[in-house]
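Based on these hints, arrange chain B on the given structure of chain A.
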Amino acid sequence: MTKFGEHWTSSFREMVVEAGAHAIRDAGIEGKDLEAIYGGCMASGRFIGQEHIGALLADQMGFNPLPSTRCEAACASGGVAFREGFISVASGMYDVVAVGGVEKMTDISTEDAALALGGAGDQEWELFNGATFPAIYALMARRHMIDYGTTEEQLAACAVKNHANALNNEFAQYHRKITIEDVMNSGYIAEPLKLLDCSPITDGAATVILCATEKAGEFSEKPVEIISSAQASDTLSLADRESLTSLKATRICADQVFKRAGITASQVDVAEVHDCFTIGEVMAIEDLGFFKKGEGGKASEDGETALNSKVSINTSGGLKACGHPVGATGVKQVVEACWQLRGEAKGRQVDEAEYALTHNVGGSGATAVVHLFKRGDRK
Amino acid sequence: MNQALPLIWRRNLERYQLKGCVCNSCGTAYFPLRKICPKCRSRGKLEQVIMPHGGKIVSYSCIHAAPSGFEVEAPYFVAIIELDNGARFLSQIVDSPNEKVKDGARVKLVFRKICEDGAEGAIAYGFKFKVV
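Protein chains in written order, with our numbering: chain A, 811 to 1189; chain B, 22 to 153.
Here chain B stands alone, though its shape is the one from the complex:
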């Protein structure tokens, strides 16, 4: 993916700790971090919180044609995860038997290597999820 180190590093709170935010006006939870609540804009203030580590699968796909940096993992699953506080985002699903990756399956956070940038580039770490 050829990402410069600052591009990876400045996201460490989100990728290492699953830090997101919640709007103090409407209560909506967001991950990744945002500066402004799109629903409330100036009427709300976003407060940073660690997201819950459990959720469920809303949709999923098994990727066969992998992008650069992910070839050795193919085929692998990605999914839209909905955390227990309602925040939704895309993540890989790992360490789970194929037949268990399905609509509504419960998942929990695991910490994994995401990708590496060649032999000399940075190794990026972050979150993935597994079916429980």
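In isolation and in its complexed conformation, chain A is listed as follows:
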């Protein structure tokens, strides 16, 4: 993957090539082994005026005439592209595929970027009426505070922990330690969410190589196994949901992946969850089953999600501190899971990591995609 951040000197296509070449070298494959490409990208048309990203990926990487397909599911585009790549190998259609995710967000103004991101919600009935994307998550946060007594300090604890993790991730956008006071003193964006509760605008690309299990040994001594995959949809508008304090699509995915893999949430060592806003992390760790409903805020405040605690959440720094190039995020989560399970996460390594989970959300919860991974170099 590329470093996440503001890439003033590199373009969309240069980031794609950098991340792709990195993944191919890392996987030990050669270009001729690849059979198909999947790419996650949310809004390149709004960000850089470019569509037809599937063709661009194949062209820039020198992989014509391989089939190359773009997947879009707002902020879950990367996760959905990964799942499509997984399904294509699992189906027996291909043995080796590449999955990339990319977004170039800083070439336009912050206002225009906010409008582009707003398209992840309901344009006609949320944005038109004056809502912003942070406001939609703020509505969930407010209800969570009313129903469960969650506090702004508890939300802030997620951002503080994620910034601490990012200090040890050379690919992260921010290498800056922050405190609860820093978060509490940052200005309101949409109450109760403040600037430091929000993930940033980021450029970046990430790529992984997927291979049929029986062939993985040919390429890698430390393969990582995908042990289950799930995706679910819910209403586009927040108001139409059964609950404002829980993402049903996440709950359905969690139920499916743990059943299919035959393990429980308590066996997961490390998880990358979708913290586009701090309340997103609190809801995720509840909905995924790591903590009881309503206790995610307190668990975060008590340090139960810190590195090498009960469950290590967002060791990469999460969307908050590693950065959130929307189409790339879901693939970056997989990259972090792989590094953790191969023991290559350097200063942020989770001890004896055996199982990892990735959780990617589109919009305010209209799409969720969850994957479970297992260390593949010992049986």
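Take these hints with a grain of salt, some might be off.
[Unchecked claim] Reference excerpt, derived from the structure (chain B facing chain A, CB under 8 angstroms, subset only):
#1 W30
#2 R32
#3 N33
#4 T49
#5 P53
#6 I84
#7 F91
#8 R109
#9 F110
#10 S112
#11 Q113
#12 I135
#13 D138
#14 V153
It should be emphasised that the hints constitute simulated quantities derived from the structure, not laboratory data. From the three backbone atoms N, C-alpha and C, an ideal C-beta is built for every residue, glycine too.
Frame of chain A; chain B shown alone:
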């Protein structure tokens, strides 16, 4: 927001009259309009009705960082409104003291300008709510 006129105009029944629909099979009320009841699909038929003008606040947020077209209004409230027939949607809350915008507060419909698209673009009107 740079909305072409037809994008605004084709929603006038919903935005000017609060016209929604009710499923004749399960009785669920929807706003805005839908073509199909997600619960009943082909088993139900949606009938268009004017929604009740009263409801309550289910959640709320005061927006400080406003999107383009709403800058002059900031800070302003948005809320999830639940109408008296159960339909839920997002709306601005206006003409209400800050301390009265809270969970469960009763609200009623008001008709207001929503946004304008520059000096020469269309002015969009529609519903907002106020605490009663």
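Hints versus structure:
Below 8 angstroms, beta-carbon pairs count as interface contacts, and W30 (chain B) has none with chain A, the closest being about 13 angstroms; its hint is therefore violated. Taken as an interface hint, R32 (chain B) checks out: its beta carbon lies about 7 angstroms from the nearest beta carbon of chain A, inside 8 angstroms. Interface restraint check: N33 (chain B) against chain A, minimum CB-CB distance 13 angstroms, threshold 8 angstroms, status violated. This hint is violated: T49 (chain B) has a C-beta 11 angstroms from the nearest C-beta of chain A, more than the 8 angstroms allowed.
About 6 angstroms separates the beta-carbon of P53 (chain B) from the nearest beta-carbon of chain A, less than 8 angstroms, and the hint is met. Because the smallest distance between the Cβ of I84 (chain B) and any Cβ of chain A comes to about 5 angstroms, under 8 angstroms, the interface hint for this residue holds. Interface hint status for F91 (chain B): upheld, as the beta-carbon distance to the closest one in chain A is roughly 5 angstroms, under 8 angstroms. Using the Cβ-Cβ criterion of 8 angstroms, the hint placing R109 (chain B) at the interface with chain A is satisfied: the shortest such distance is roughly 4 angstroms.
Taking 8 angstroms as the C-beta contact cut-off toward chain A, the hint placing F110 (chain B) at the interface holds, the least distance being around 5 angstroms. The interface hint given for S112 (chain B) holds, since its Cβ lies 6 angstroms from the closest Cβ of chain A, which is under the 8 angstroms cut-off. This hint holds: Q113 (chain B) has a C-beta 5 angstroms from the nearest C-beta of chain A, less than the 8 angstroms allowed. For the restraint placing I135 (chain B) at the interface with chain A, the shortest Cβ-Cβ distance is roughly 7 angstroms, inside the 8 angstroms limit, so the hint holds.
Violation of the interface hint for D138 (chain B) is found here, the shortest Cβ-Cβ separation to chain A being roughly 12 angstroms, above the 8 angstroms cut-off. Taken as an interface hint, V153 (chain B) does not check out: its beta carbon lies about 20 angstroms from the nearest beta carbon of chain A, beyond 8 angstroms.
In this structure, the hints that do not hold are numbers 1, 3, 4, 13 and 14, in rising order.
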